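Novice: Chains as they are written, first to last, in the working numbering: chain G, 4 to 323; chain P, 4 to 323.
To be clear, the hints were calculated from the coordinates, so they are not data collected in a lab. In this text the structure is predicted, and so the values were computed from the model without any measurement. Treat the hints with caution; some may be incorrect.
Identical chains blur together in the list; that is why a pair holds if it fits in one copy or across any two.
Claimed, not checked - Once the Cα atoms are required to be at most 30 Å apart in a straight line, the calculated DSSO-like pairs of lysine-lysine come out as:
#, residue 1, residue 2
1, 100, 70
2, 70, 208
3, 70, 88
4, 88, 100
5, 88, 208
Number of protein chains: 2
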Amino acid sequence: MRVVAACVCGSDLWPYRGVTPTHHAHRIGHEFVGVVEEVGPEVTTIAPGDFVIAPFYDCDMTCVNCKNGVSTSCLNGGWWGSDDKLGGFADGGQGQKVRVPHADGALVATPEYPSEELIPSLLTLSDVMGTGHHAAVSAGVTEGSTVVVVGDGAVGLCAVLAASRLGASRIIAMSRHESRQELARAFGATDIVATRGDEGVAAVKELLDGIGADCVLEAVGTKESMDQAIRSARPGGMVGYVGVPNGGPELPVRPLFNDNIGVNGGVAPVRNYVEELLQDVWSGAIDPGRVFDLELPLEEAAEAYAAMDERRAIKVLLRP
Amino acid sequence: MRVVAACVCGSDLWPYRGVTPTHHAHRIGHEFVGVVEEVGPEVTTIAPGDFVIAPFYDCDMTCVNCKNGVSTSCLNGGWWGSDDKLGGFADGGQGQKVRVPHADGALVATPEYPSEELIPSLLTLSDVMGTGHHAAVSAGVTEGSTVVVVGDGAVGLCAVLAASRLGASRIIAMSRHESRQELARAFGATDIVATRGDEGVAAVKELLDGIGADCVLEAVGTKESMDQAIRSARPGGMVGYVGVPNGGPELPVRPLFNDNIGVNGGVAPVRNYVEELLQDVWSGAIDPGRVFDLELPLEEAAEAYAAMDERRAIKVLLRP
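Bound conformation, chain G alone:
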């Protein structure tokens, strides 16, 4: 597969910052779209010339976990930039070309070659839009739900869009950054809360009957953000979390138990959502590609990481 567009993920910043140690140099990048150049003899649904979306992992879509909607737990799947379970090597996505295991399962072809302006939104189906959607689905967002979104990175903003798409009546985005607040509003946020901690919780409750939200979407992964999320939920509410837990914050069972607040989510099985979301991207009903606020050639990947690390950019698109 020839990569047409790739990008840097918030989770790529953990090794970049050294928070997660890198024991040996390896290729990186797991969000990409592109064109199929060649297929193996067993591939039947994907053909050379197809424009395809790759999820941030590979999966066969035939095992019991894939069929249960949890393709991230595929019994035969794996991760980009590492050896795959078929005995080959699946390259990282921040590169020119990638060998894709389980191409029939992992890749989804678009109806035809997309227009240039659709490519950023298609790229978000590789991870951030599917992940935001997973947060919303995990939290049970439905017609009329009240929603709080913790995290204003690309995933948090996509979670706002996902909640809006699923019919939430009230969406409170927690954000301190003006440009992100603006995009959150464009994506469907009805309210912005710029404070955090006790003050943030109080602001959320004041907006929501004094009790908190039906659904809270957590898109950061720190102890503080999870605490914010749990305290923003109403009794009987549900936290849908997709922020990769960093440093393994444990979930405090007692406040969850006392007020029947559930916690659901995890590493988002975005492959299971591609077809559904692709329809809305293709029709123009949603435009999650707006999370990209910087585009650089692949050779300037170092600057892409720096811009995201310093929060000068929400999300950077890379062009090989």
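Given chain G, work out where chain P should sit, using these hints.
Specialist: Positioned in the frame of chain G, the structure of chain P alone reads:
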């Protein structure tokens, strides 16, 4: 309200054993049914002579949390054996008579005075049957679900019955006690796993496609039982937990996140379930009262506690 039948709860054993400290002597007991003797001037739906079921807490059923289905988080509710929020004292249920705050909200009258043999099953709607049902609802048990139940106390056994009632196709009860295994089977368990820990998890997975259960109902509340529950769930599965967390075991976020296993539940809002479950008890469709395997006069409450503490009895019914 004159108490006709009360009982001892598994959670009463924590203070009995000294695991939870008792700082000052107080009345105890929170599961009881009986006859209304007298009502206050504002009570409209309950009348003297009614046979009523009391949930294990009082609640008004008019506040936003009660209306959201979480009456255990009632803004005006309280607990038996303590001062209530209306300025009175709500007596413990293991006694002759109880003053019930929010009688219109808290109490549910039966269609008529019940036959003697229905009383144990009606008493379970006060707590254990509603709590088992809450575990099943929280875990999302529905037609065709595969279910594992961790815990073979009265709540665990009622959780088996609840899962069966909701249409689960496979119900694995984890139990090492023959009499409890028998009752689990009578309540709808299709399989029994008598092992625990790694061995128990392996046995469960072997029965369920190698991946674990759609829904796991946790009805103990220890670190070990929660660990057993989480490891028995399939990727994308849900743990419904109702065992009062003892010693506050925290939930391990990483295994939950990696396999998208959700955790939902808490202190069961049984009042919200009384009407629904009462229909099935009244018609004889379910007979949760079978969890009582010992009946004693109230004066022998000490022996009731001892029998449960020593696991000579699953659950003891007390008659004032």
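Novice: Any hints this thing doesn't respect? Which numbers, in order?
Specialist: none
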